[in-house]
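Asks: Each chain is listed here by its residues.
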Amino acid sequence: MQQFYLNLKRWVVLLLPLFISANLFAQTNVTGVVRDDAGPLPGVTVLVVGTTTGVQTNINGAYSIKVAKGAVLKFSSVGYTPKEVTVGDDAVINVTLVAGKGELNEVVVTSFGIKRQEKALGYATTTITAKQLTEAGNTNFASALYGKAPGVKITTAPGGSSSAVNVQIRGINSLNYNTQPLYVVDGVIIRNNSEAGAGGSNNDGYWSDQRIRGNGILDINPQDIETLTVLKGASATALYGSDAMSGAIVITTKKGSKSRGLGVDFNYVGTAEQVAFTPNFQNVYGPGYDRATNLAGGFTEDGWLADPNSPSGYRPRFSSYAQFGPKMEGQKIRWWDGEIRDYTPQPNNYKDLFQTGYSSNANIAISNQTDNVNYRLSATRLDYTGIQRGQKQQKNSFNLNTTVKLSNKISADIVASYVNTLTHNRPYQLGRVLANFGGFLNRSEKADVLLDNYQTSAGYKYVTLANAVRNPAEAFKYNMSGADIMDFFWTQLKNSEDENENRLITSATLNWDVLKNVKFRGRIGSDYTGRNTESQQYNEYPIAFNSPSSTGYYGVTKGQYSVTYGDLLLTYSPKLTKDLSMSVSGGYTSRSETYRDQSSGTNGGLVTENFFSISNSYGVANTSATRGFLKSQAVFGILNFNYKNYLFLEGTARNESASTLPTQNNTYFYPSVNSGFVFTDAFQMPEFISYGKLRASYGVVGNKAPRYVPNVLYNQSSLQTQNGSVTQLTFDATYGNLQLKPEMKYEQEYGLEARFLKDRIGFDFTYYSNQVKNVIMALNVAPSTGGGSLLANAATLHSNGLEVGFNGKPIVGKFNWDVRLNFAINHSKVNNLAPGFDRLTFYTGDQSALLVVAQPNQPIGNILVYPIAKDANGNKIVNSDGLYTIDKSKYVNVGNIQPKIVGGIANTFNYKGFSLDVLVDYRWGGKMVSNPLKYGTAAGMYESTLQYRDAAHGGLAYYIDGSGDKHLGTAPNGGKTYNDGVVLPGVNENGQKNTTIVDAASYYLNTYDWGENSVNENAVFKNNYVKLREVVLGYRLPASVNKALHLNNLRFSLVGRNLLYVYRTLKNLDPEAPIGDKWYRQGVDEGSSPATRSFGFSLNANF
Amino acid sequence: MKKNFKYIGYAFLLALSLGSCKKSIDEKFNNPEKTATVTIPYMFTGMLNNTRVRAEYWQYRTFVLTATSYFGQTSYLPNTNTVYQPNDGYMGNRWEDFYHPNGSANGVMALYRTMEVTYNQMSATDKATNDVIMNAARVTLYDQASQMVDCWGDIPFSEAGSLETSATVKNPKFDDQIALYKSFIAGLDAASTYFKTATLSGQSSKAFTNQDILLGGSVDKWRRYTNSIRLRLLMRMSFYDEAGSKAEVAKMLADPTSYPLIDGGNAANYNPASTDVLLTPLTNYTGSLQDALTEGNSNGAPDYMLNTVMLPANDPRIPVIFDKGVDLTDPNNPKPNAEYKAQVVTMPSEEGSRTFTQYSVVNPTTFLTNNKLPGIVMTAPEVNFLKAEAFERWGGGDAKKAYETAVSQSVYFYFYLNSLGTGVKPTLNAADVQAFLLNNTTTVAGGPTVLYTGSQTEKLAKIWIQKWVHFGFMQGTQAWSEYRRTKYPKLTFPSTGKLANYTTPPTRLVYPSVETGFNSHYNDVKAKDTRTTKIFWDVK
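Chains as they are written, first to last, in our numbering: chain S, 1 to 1103; chain C, 1104 to 1643.
Possibly wrong hints are sitting among the right ones.
Partner residues are not named here, just some residues of chain C that face chain S (Cβ under 8 Å, in silico) [stated by the list, open to error]:
#, residue
1, PRO1135
2, TYR1145
3, GLY1149
4, ARG1216
5, SER1226
Think about it this way: if two alpha-carbon atoms lie no more than 20 Å apart in a straight line, the pair counts; the simulated EDC-like pairs of lysine to aspartate or glutamate are [as the list claims (entries may be wrong)]:
#, chain 1, residue 1, chain 2, residue 2
6, S, LYS888, C, ASP1632
7, C, LYS1629, S, GLU1012
8, S, LYS477, S, GLU687
9, S, LYS477, C, ASP1535
10, S, LYS558, C, GLU1136
11, S, LYS758, S, ASP838
12, S, LYS446, S, GLU497
13, S, LYS890, S, GLU1017
14, C, LYS1273, S, GLU301
15, S, LYS477, C, ASP1641
16, S, LYS890, C, GLU1136
17, C, LYS1285, C, ASP1641
18, S, LYS888, C, ASP1627
19, S, LYS741, C, ASP1129
20, C, LYS1504, C, ASP1535
21, S, LYS890, C, ASP1627
22, C, LYS1273, S, ASP342
23, S, LYS558, S, ASP487
24, S, LYS477, C, ASP1129
25, C, LYS1601, S, ASP371
26, C, LYS1629, S, ASP838
27, S, LYS66, S, GLU497
Worth flagging that the hints you see were computed from the coordinates, not collected in a lab.
Please read all numbers here as calculations on a predicted model, not as lab measurements.
Even for Gly, the Cβ is constructed at its ideal location relative to N, Cα and C.
Make the full structure from the sequences, and use the hints.
Replies: And the structure:
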């Protein structure tokens, strides 16, 4: 309680100036609040008709004007139908404005849910409407944002509705940890991925987590969103402080609408999805290596092995990962499982490993508004079956949004949203399954064969030749490659991992008009998630073969995550003079997060076969429980000036404390200032300019460390020894930092917005430049320094960029064409690094032969490789084997993973009831690192590797003489001539032109092999694409038909997503393959899951 | 009514204000699941609880069975094209596990540095209490560090662990391997001297007894362990600095009272459990080496060891080290193999994997399913082999006796390992051991197999070959080191059909990229960082 008084005291000190400066308004005034469907409307012009007297509503939509009885007040605001009211006896006139035709974007929800007139803002924002989010049937809002907001780059992890969607606003804002925007739903900061801790999800590759995870924003139902605003720069997000350094996405959910009264909406979207954009495989050669390896293995040069059990008398080397073996010509072969099959190409075997996915999403909503209550209740059911066999998801969402008017001065908003998600066998990362040397799918292998063999008839795992004793009858007859794929089927089809997640997001907001011009708002909200995961893994072989521990597993994981959020806002908005009005606000916000995880699992397998219980553990069951707490609070202030409704100035300040930083550095301050100037209102302009505004802003925003990462602490555990329990003390590979400071981003931004020809053409142009100091990251260090990494304020980053949006209506009339184009250019570079570091390495591939790094004064994300050695004249050096020599003494820069331009073009065509929406998005510049693609080339998987394999594909003719030397040309005396010769351009070690002939298979196997001796620039690919992202063809029933059906509105649409690439440079890999939420992960492919294409239909009905 | 709402407002204020204090923010900084206190004895346990010492999957699968024991041929060598190309990532893991905690391996270097920092800040009394543990910790560190030198040569040591000592990154220099070896030898001498006179207070004795999961807090055993490691290092560098090693070894061996060793009381039928330095598995350990051995066919019997050394001598260890195996060429008709036989190393790979089951494998009871298999740190047979070599080269004792003790002890040692397992347990007949020592079959390098006769070169060859057999794959890294030092046994390594640059086994491991990519001092040693550079003691 003492604490409370202390705080109260602080409050009084904080707010006192606001009261003291309050003027006394003694005159008889007309006052009121102007609202729209969504809430109070600021910036509405209230004009006494026939005079020049006028005022504007403040940020809470309130106004106050001195006016004679009988006069007419005109309420107008851009985007709304003006309304006139005659002043009578009432001193309070509350008005609700109805949105004008087509335009709703003029009011923008900014930080802390404060609504501001779009024209008053001094920084760039993008608002996305409900229609844009839902029309193409996306199961989450983020993947509906592709190409729609300039400067916002979306990447969706493959795997469908359960996979994370990452949003990157304005390039790279931080190098490590939190680089995702802050999500605010109805004023409450929600959990996105923070339960996963500092590392996030899917950032550490296959071995740390094999499944593709989701993130928290997937739970926000797009059908319930009214508007979504993207706040980009530091000035826009400064009030949110240290969570919004990478921008903020502010979402307002739908409410009841007065104009409509009681209404029922029904929406349904059904789509089917298929594997798309698969690699171009070669379909000529089957498994086998180069001639020398074939011979060393006891095979013929071509890769055959005599086998009396095969009808053809021979068989290929089924265990080979490479595909340089015999041509597939329908020979009858005894397969590795003992069956007789045709040795023929299987062009679709990769695709056939997957299935067609289905998604069905039904939503029904009831809404109403009466004088005192406004509500909307919606229920949504999503059923999803993914392309990976065994993958399934069901999601039930309920959303209630109410506003209760308690008195003329007080209203309360209550929003509650409940989401229940069942996820069965989340999609599996396939990099190590399909794109490694153990998993390359033999080009003659049918998917069905693997599906038939992954388990035995008794339900145990497949039995390899080496383990034949476990089941001699069903054991494979030969060694084979493809066990990794059968392991994948075993995991996804036999075993199960079921996640059941319940999430409740609630908020209550109290709006109170305390005094004239003084408003108070209090809000409390929470986001609670309970997750239960149960994993069942079957025994892999009979317990008779246990060693002595068993196989199989049963485990349960439980997580409880909660975010409790509150804010208070007191606003005072006096009118200073006829032309100048102001508003000053003071606020307090606090957030506390709790994460609890508990996990128990069997150890050493299951004693009794397939009895799934912790009590059936072979060893002492493993169990663990962890807690995590985070608390932050801030006081903030906002000061606004509005001069004649065309010049606006806003200043904000926030002082924040957060528990995740060391005590001496855990309080910090951010100011911001921004200004908007509507010059078309200030000056007389030519008529063709309908609107013009200049913006300027400067802001500071920070970023704290994830919880517990800076700690320097020790792990204590008990060892069970023969002498009893013994305490052990160790620590983690990542070393903390007790001097850590918060990251700070300083950003300036300028913008110009204009519309012409009665708004038929418009553009919005933004330039920004920012510096991020004290970037927090875990620096990878040499192990000999005593750790794997050290947390540090490691670098200063500098970014600048342009964001441009164009919109136009080339054709208006019966046939309407609306086009919106945007693009963003961003450059992010490192200014300097922590002392002692000349580069930061984010990704290391192939024995350090390939790195993704940040270097001082270089763009972030350069790709460095060991180059091919060159002589003084720049000729490539070829070694005595006829292969390139690698120069491991230095790195060369072969590109950068960051795109230069990202954007989209959206077109809407309307004719009568028909509409067609076509969205194309693109990415230009920047490269992708894909080691799996390199290994696949080494293995001869792709069509591109047919080159040099025979004369038709450019292979040189040569023969081998008696002493083993190779000579170009046809063999003399009827000797054997080979047609797969390659002579690499370059010089030998003596500087003479290379003449050494190497066979095509050896060329691929060595040049594209794993490791530092191969040519690692071959793992770096240009990544440009133009993608037809969404096409929606809709038909709206004519009003007459609707009426007959007692409908308000009925719309039917055909939707297609990810339909095709208009252009792409990556031929054997989907440009959007990468997973993980860290920035560099988006430039590195380690194999995830195939990309998909989906088709479907949607139905929207209002009653 | 209006008043009520005011109260609601105040209630909001109250709700938000509670717990809004800075103190509660400060309190939430530290992870509640961890401790801020460094307790030296607890951390000492962390140093001993080393998965790189334990007989566990990762160490054997990724380091011993697929690298060091390939290069010393104490395990089955598959004739594949990348067999001499150690995996950089796995070698990097091994490297990291020495320097810092990383998952389950505990990084003896970083733990030792942390203990040292805490120790240095202590009062004289507290220091005295912790002295015994600090000495034991240093011996553990030197033992592990010398094995790092044996694999890589120069390693960061004296400046390593800057995060623990100063919370900053100071890239350590690569210390000269010779200087390191000498400093380890001197440091072990100092520790030995300490243990000789140490009298423990009740508190430090209790802490040492509780926390020492290796030797149960026995000062005598630590002293023996210290001297034995020192003997190993001196002999290892004895071809590089014969005079220096000779003087020090002679001093140790001439004065067993001052320099007691892990020698099993020089009794042939010794008890490994009470004598040797073995790291016993934790009681809740459920694993075994089965997967490490069977994945990649590492359970195959090594050609030279079984066919050339053990079979002709009718080695009594055969039934506990090997198993004849079951021929599964026709899986429907499994046939137990009739005799012990290893596949020849030069067999082509496809034929090798096809006929794999026609040959002997390692003993399932002893190695494959043995859940109690200890991590082997130092054994009496090794010490007696070292003594035999010293006596043979420089005199001062009965080389033959030491050799025979060592060979006999090795037999008892493997029967001991076998006794820990579950399954078939042959009985040891003491007469067989005697017969074995007298075995005079001529096969190896033109000389008799076991019987200690012949020229000094032949005798030394026997000591080294028998020691190599004793190390086996369990101490595969030691076997590789001794093979490089002594060039015995005379092994054949197939070189056809291998990847270019990888046609022979390396003579050392190249530094892993996880170190070279970050340590700026790498440039100082880069020129020497090849797979064919020799460790300083490799001069024969």
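Asks: Against which earlier hints does the structure fall short, listed by number upward?
Replies: 5, 8, 9, 11, 12, 14, 15, 16, 22, 23, 24, 25, 27
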